[in-house]
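Kindly produce the complete structure, drawing on both the sequences and the hints.
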Amino acid sequence: MVSLKFGRELRLLTPGQFDNVFKLPFRVSSPLFTILAKANDLPHPRLGLTIAKKRVKLAVHRNRIKRCVRDSFRLHQHELPGVDLVLMVKGDISNTANDELHRQLEKLWRKIARQYTALQSA
Numbered sequence: 028m029v030s031l032k033f034g035r036e037l038r039l040l041t042p043g044q045f046d047n048v049f050k051l052p053f054r055v056s057s058p059l060f061t062i063l064a065k066a067n068d069l070p071h072p073r074l075g076l077t078i079a080k081k082r083v084k085l086a087v088h089r090n091r092i093k094r095c096v097r098d099s100f101r102l103h104q105h106e107l108p109g110v111d112l113v114l115m116v117k118g119d120i121s122n123t124a125n126d127e128l129h130r131q132l133e134k135l136w137r138k139i140a141r142q143y144t145a146l147q148s149a
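Mapped onto my numbering, the consecutive letters of the sequence shown carry residue numbers 28 to 149.
These aren't lab readings, by the way, just hints derived from the structure by calculation.
Idealized CB from N, CA, C, for every residue including glycine.
Just so you know, not all the hints are guaranteed correct.
[Stated by the list, open to error] Straight-line C-alpha distance at most 27 angstroms; calculated DSSO-like pairs for lysine-lysine:
#, residue 1, residue 2
1, K93, K134
2, K81, K65
3, K65, K80
4, K138, K117
5, K134, K65
6, K50, K93
7, K134, K84
8, K134, K81
9, K32, K138
10, K80, K117
11, K81, K32
12, K117, K50
13, K93, K117
[Claimed, not checked] Pair ranges (Cβ atoms, derived):
#, residue 1, residue 2, range
14, T144, L85, 33 to 41 angstroms
15, N122, L69, 32 to 40 angstroms
16, Q147, A86, 33 to 41 angstroms
17, R141, P70, 26 to 34 angstroms
18, A86, V29, 28 to 36 angstroms
19, L51, V29, 40 to 48 angstroms
20, R35, A79, 22 to 30 angstroms
21, V29, K84, 35 to 43 angstroms
Pasting the structure below:
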């Protein structure tokens, strides 16, 4: 049975792990999000979130967005290759509905899987 947990091993935890992704990543974006991705040596993906206070002012909105992103990642983690991901918000998306956030994220997870396989085969 497939585990759908979001434990510590699926998160980027240290500044060094984030810095590694910021060096020569491949990018995937949608109107709401930009995801920086870089291959890791692990058999599973890891996620880091950066939601700036400048983009989303209220903490309750930032936390809601983080919950949506973590939930979507948790459900799609087994479709993703072994990459480190850093998700960034493009603008103020505090009034965007949760189902729209999930739709955008699903498209991004598929794009990441496609781009990663294309980069590996090239």
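Tested hints:
The hinted pair formed by K93 and K134 meets the criterion: a straight-line CA distance of about 17 angstroms does not exceed 27 angstroms. Straight-line distance between C-alpha atoms of K81 and K65 comes to about 26 angstroms, which keeps the hinted pair within the 27 angstroms bound. Taking the CA atoms of K65 and K80, the gap is near 25 angstroms; set against the 27 angstroms cutoff, the hint holds. With a C-alpha separation of about 17 angstroms, the suggested pair K138 and K117 falls inside the 27 angstroms cut-off, and the hint holds.
Using a Cα cut-off of 27 angstroms, the hinted pair K134 and K65 holds, with the two alpha carbons roughly 18 angstroms apart. For the hint pairing K50 with K93, the CA-to-CA distance comes to about 23 angstroms; that is within 27 angstroms, so the pair holds. Pair hint K134 plus K84 holds up; C-alpha atoms about 26 angstroms apart against a cutoff of 27 angstroms. For a cut-off of 27 angstroms, the pair hint linking K134 to K81 stands: about 25 angstroms separates their Cα positions.
A threshold of 27 angstroms between alpha carbons decides the hint, and for K32 with K138 the separation of about 22 angstroms falls inside it, so the pair holds. Between K80 and K117 the alpha-carbon distance is near 12 angstroms, which keeps this suggested pair within the 27 angstroms criterion. For the hint linking K81 to K32, the alpha-carbon distance of about 30 angstroms lies beyond 27 angstroms, and the restraint is violated. For the proposed pair K117 and K50, the alpha carbon gap of about 19 angstroms is at most 27 angstroms, so the pair holds.
Note on K93 and K117: the hinted pairing holds, with a Cα-Cα distance of about 14 angstroms set against a maximum of 27 angstroms. One distance hint, 33 to 41 angstroms for the beta-carbon pair T144 and L85, holds here, with the actual separation near 38 angstroms. Distance hint check: the CB atoms of N122 and L69 are about 36 angstroms apart, consistent with the given range 32 to 40 angstroms. Distance hint check for Q147 and A86: the Cβ-Cβ separation is about 39 angstroms, which falls inside the suggested range of 33 to 41 angstroms.
In this structure, R141 and P70 break the distance hint of 26 to 34 angstroms, their C-beta atoms being roughly 19 angstroms apart. For the pair A86 and V29, the supplied restraint of 28 to 36 angstroms holds, since their beta-carbon distance comes to about 33 angstroms. In this structure the supplied range 40 to 48 angstroms is violated for L51 paired with V29, their Cβ-Cβ distance being about 31 angstroms. Against the hinted window of 22 to 30 angstroms, the Cβ-Cβ separation of R35 and A79 comes to about 24 angstroms, which satisfies the hint.
Taken as a hint, the range 35 to 43 angstroms holds for the pair V29 and K84, whose Cβ atoms sit roughly 37 angstroms apart.
Consistency note: the structure conflicts with the earlier hints numbered 11, 17, 19.
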